[in-house]
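Trainee: So the sequence lines, in the order shown, correspond to chains A and G. My numbering numbers the first residue of the first sequence as 1 and each following residue consecutively. My numbering numbers the first residue of the second sequence as 1 and each following residue consecutively.
No lab work stands behind these hints: they were computed from the structure. Among these hints, one or two may not hold up.
Each pair may be met inside one copy or between any two copies, as identical chains are not told apart.
[What the hints assert, rightly or not] The calculated DSS-like cross-link candidates involving lysine-lysine, where the alpha carbons are at most 27 Å apart (straight line), are:
#1 K580 to K546
#2 K487 to K501
#3 K384 to K26
#4 K189 to K480
#5 K580 to K486
#6 K80 to K3
#7 K487 to K71
#8 K189 to K474
#9 K474 to K486
#10 K384 to K463
#11 K501 to K580
#12 K498 to K487
#13 K12 to K501
#14 K580 to K189
These figures come from a predicted structure and were not determined experimentally.
2 protein chains.
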Amino acid sequence: MAKQYISVRNLKFLLHEVFNASEVTKFPHFEHIDKEAIDMILDSAMQIADNIAGPIAQEMDRKPSEFANGKVTVHPDVHKFIQAMGEAGLIGSQASLEVGGSQLPETVRTATGFSLTAANNSIVMFTGLTSGAANLIATFGSEELKNTYLEKMYAGEWQGTMCLTEPQAGSSLHYITSSATPLEDGSYKIRGQKIYISAGDHDQTENVIHLYLAKIDGAPAGTKGISLFVVPSQRIENGQFVDNDITTIGIYHKMGQKGTPAIHLQTGAKRDDCRGWLVGEPHKGLMYMFQMMNEARLGVGLTGAAIASAAYYEALEYANERPQGQALSIKGQDPNAPQTLIINHPDVKRLLLFQKAVFEGSLALILQCAKYADLAHVSEGEQKENYNLLLDMLTPVAKAYPTEMGIQAVSAGLQCFGGGGFCEDFPLERLYRDIRITSIYEGTTAIQSQALLGRNVTMKNGKAAMLFFQEVMKTIQEAKTYDELKKYATALEEEGQKLQKVTQHLVGFAMKGDLERFLADATLYMEYFGIVCIGWQWLKQGIVSKQALLAGKSQGEAETNFYESKLHTMRFFFAYEMPKCYALATRLTDDEILTLATEKAMIN
Amino acid sequence: MAKQYISVRNLKFLLHEVFNASEVTKFPHFEHIDKEAIDMILDSAMQIADNIAGPIAQEMDRKPSEFANGKVTVHPDVHKFIQAMGEAGLIGSQASLEVGGSQLPETVRTATGFSLTAANNSIVMFTGLTSGAANLIATFGSEELKNTYLEKMYAGEWQGTMCLTEPQAGSSLHYITSSATPLEDGSYKIRGQKIYISAGDHDQTENVIHLYLAKIDGAPAGTKGISLFVVPSQRIENGQFVDNDITTIGIYHKMGQKGTPAIHLQTGAKRDDCRGWLVGEPHKGLMYMFQMMNEARLGVGLTGAAIASAAYYEALEYANERPQGQALSIKGQDPNAPQTLIINHPDVKRLLLFQKAVFEGSLALILQCAKYADLAHVSEGEQKENYNLLLDMLTPVAKAYPTEMGIQAVSAGLQCFGGGGFCEDFPLERLYRDIRITSIYEGTTAIQSQALLGRNVTMKNGKAAMLFFQEVMKTIQEAKTYDELKKYATALEEEGQKLQKVTQHLVGFAMKGDLERFLADATLYMEYFGIVCIGWQWLKQGIVSKQALLAGKSQGEAETNFYESKLHTMRFFFAYEMPKCYALATRLTDDEILTLATEKAMIN
């Protein structure tokens, strides 16, 4: 493994210089946090990443989680990791102080998640799922549920999961059939099957708390009849654990993230005695779950960016160490010339800059979303609503771009290694396998794209979209005050305007009621939107870097190189990625639609 | 596994209707072959693919080749496969009748290779490498070498390999250090190490014949001092096998193609008694090897297309069987409506059409190259030279496009399965892993791109490039005679002209001696060139399909659908892929170069 998997300097640049975390921590809600505390929290996450998570990343892949004799086993250090995360307050990082959480700003939480995920993207799923599950109980659960579960979960003693998918209901939760029958004591009898339940069963915690979607008997059809339940693997009766009749039917053999088991569960299979407790009100389960899912989507985007970061530092280290071939400038002129380092080959540099442009741009976009979440938290009235709209608007983009392009970035990293990239001698082949799931789970890219175009662009009469374009324009105006950035500001402005025109063109179909035509190429619309967003984030980073260099803030060569490299990567993004918008705009305004339902016979 | 992994109808369409194989088989060299014989050969390859290769594809991945107790073991059916291939004359398919080969046209050989590789891309490496090694001996070896090796190799009794790469010399063979010391009996003592030797050692044949690059003591530095040797694992003395002192040091653990061992070999490690026999003249080894490598490059391109074909038919079958969600046109209107098949979602159709456009277009380009090889074979004088120039010109493109875009296509196939695509329940995750090596071995995409732009475009004063553009223009002119095709012909013409301008722009730097600037973005030039080539191949297929439909050739619905689907996929390629040229042309003519050697500090 390379010596480095993230840049702490870059995290601090983004947190303090670009997104100015202290703007939020001055508010009462976050007053227990200051700049020094932030850096300490980052540091404690890095300690866990360096000492527990990172060292077993390869091993968790080589010896994947297993299901044998009715037991699911995972790497024995998972327990140590979960405990350390609990002790550091990182499982409850988002939860309020009053329920035992750390009440951290989202920006800070995101930064810690980035480090930990880059070190070991498989192990963080254990604690990530516990956080998500516990936060649902904290937000929507009764006092009794909170008292029963939160302390144990935030401490890392109990595992949490999300049980959504069923064999017949994957992308479309509309069709779930798990049932909940009311019992006299106020609990429900749960019957059904759930698939792909990450960390759904394992030997490292004494209890697993499932947040489970099911339909109460007689509930309305479709998504409006879905309720949310807490379904523990061990329920508590008279202070004792009682087996809650949840059976692990099987484990999925996955291409990547092998250290985290994905479980096929059946509830009530043994003696029809699986109990669940309703969270919040009946039939509102999907709404509750969506709150968590939006966070989970950002989390998956972050996973994409973090894996791409790890791959980048692997490739960078290798490129600086591996001699191969002669530099193009002297090639063939001297057969006795020594080999050059591969970083001196322009194509290797292109592969590296592509990776850096993608994952640093992605991380910035995700932190931008986190910042909106924080600002929404400390704001009131229309301001609060606006920040929430911006967060909603960008969430699918911050899920889709970092994962889709992260997959490409890791592939570029693998390519730097030549044949070695395909072999287990380097972690690239693992990272390449691991990241592939990210554009699928928590809603595929197609689902994210339909949310972006089909819902977000038009919501509140287009207010969210308008707010977004205003934000981008603010950055463009500021960039234009620096000569060196004008060219890029103008390019972004042009693409932004074109994107608005394309949007209007497409919304026209929706207004005519032609939803199929409206959304046919939603995924390409997402690609376009993503490039504009990342261009915006690079311009933002360019401004801050330019300011730092002009103000002479950068002390020493390393600091100057840091800011210069930011500007260089920004230029790279505009030179190599931004031109792709043209093809997308052309496609999205083309009359020839070739993928509608009527054309099934065209594929054979 | 899906019922289908290739379309025999499409193979016959390409062989007989588009590339008119009988145009070649009327010449004396191929007179033992006619249309009936071609279909029989295709059929015998399909028999082996269906009955031996296909059924063990998953198993070879799950139980990969192993190295233990000094022995390399592979799947026990590999022997049966190699034997069947030998008996069917498919190991010697390219070799002349006089050395015991089948002397098939390249087009036919390519078509059989496509079927077999789509069925099991790992197992075909065993016989593919034997073919390549034997063909080198057949072409450049002495009578004695031919007599000793060819019969056994073409019969599938002995394995062949290619030993090029060394730990310090991967992409740059310039730096190999394996040595050959002349002995009195005319043989050479071989000392050195070779890595990534596919099928370099295993338990399914009694001998392994390495075609081995080494430097004769005192040879000139660099590539001009490399010679080619036959180095068997068992040499023959007095009619007996004698161990030839080749040691397997280790086996690579690969992400994919796990059924075929990649070996780290050492020669002369045990008792300094490894013997090799020179092939052809001293110091010409790389030139000889390059003949084989050009074929191998087309073979790797074919592997990309074939894996993408297998992935496509898996995804197509799944899309036609899996219900999920409601059609966009009725979404949300009726909560009780049943789920629709996912093929009815435009985005799934887009993913499928993308795959089909990529792999059928790729296969056509590779067959185009094969056709040029066949025409060169049966032609004389300038015509022969021209066909060879066209073949040379397009070979790197036919390696790079099918592999780079094949990787994307398989990824699109995987995406159709949602979470299932990430799991071993379906073959997609295996195909996704398998195909990733194809853009690396036999020269990475960067190497192919440098060959295309740095060598081929300018060779013979640009004659090869001129011939290529003439070929494209012929297709454009013909397409313009059909109203329905005019739009696409014009689009291709415009892109072709733009590509020529971009080429001139870049060649300008070469003429000024600025090689680094000339080749900095060669990989993007390749991408551009590839899209134009595949657009050309789709237009070609479009013309033939249009003609068939107009002539009423298509009898029955299936035939009409076949030709209509061809036209539909052509339209898709022009609508979704061709617009990407704009970004590439913009990039390639941009003044801002960000990847030159001077900018090393810009990456951190």
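Trainee: If a hint holds in the structure, say so; if it doesn't, say that too.
Mentor: We went through each hint and held it up to the structure:
In the homo-oligomer, the alpha carbons of K580 and K546 lie at most 27 Å apart inside one protomer (26 Å), although the nearest pairing across protomers, at 32 Å, exceeds that limit. Taking CA atoms no more than 27 Å apart as the test, K487 paired with K501 passes in both settings, with 21 Å inside one copy and 25 Å between copies. Taking the shortest alpha-carbon separations for K384 and K26, only the intra-copy value of 17 Å comes in at or below 27 Å, while the best inter-copy value is 79 Å. In the homo-oligomer, the alpha carbons of K189 and K480 never lie at most 27 Å apart, since the shortest distance is 62 Å inside one protomer and 69 Å across protomers.
With identical chains, the CA atoms of K580 and K486 are at most 27 Å apart both within one copy (20 Å) and between copies (26 Å). Taking identical chains as interchangeable, the C-alpha atoms of K80 and K3 lie at most 27 Å apart only when both belong to the same chain, with a minimum of 23 Å there against 47 Å between chains. In this assembly of identical chains, K487 and K71 lie within 27 Å of each other by CA distance neither inside one copy nor across copies; the values are 60 Å within and 62 Å between. Taking the shortest alpha-carbon separations for K189 and K474, neither the intra-copy value of 54 Å nor the inter-copy value of 72 Å comes in at or below 27 Å.
In this assembly of identical chains, K474 and K486 lie within 27 Å of each other by CA distance solely inside one copy; the values are 14 Å within and 45 Å between copies. Only within a single protomer do K384 and K463 lie at most 27 Å apart by alpha-carbon distance; the minimum there is 14 Å, versus 66 Å between protomers. With identical chains, the CA atoms of K501 and K580 are at most 27 Å apart both within one copy (17 Å) and between copies (20 Å). For the homomeric pair K498 and K487, the shortest alpha-carbon distances inside one copy (17 Å) and between copies (25 Å) are both at most 27 Å.
For the homomeric pair K12 and K501, neither the shortest alpha-carbon distance inside one copy (37 Å) nor that between copies (46 Å) is at most 27 Å. With identical chains, the CA atoms of K580 and K189 are never at most 27 Å apart, being 53 Å at best within one copy and 55 Å at best between copies.
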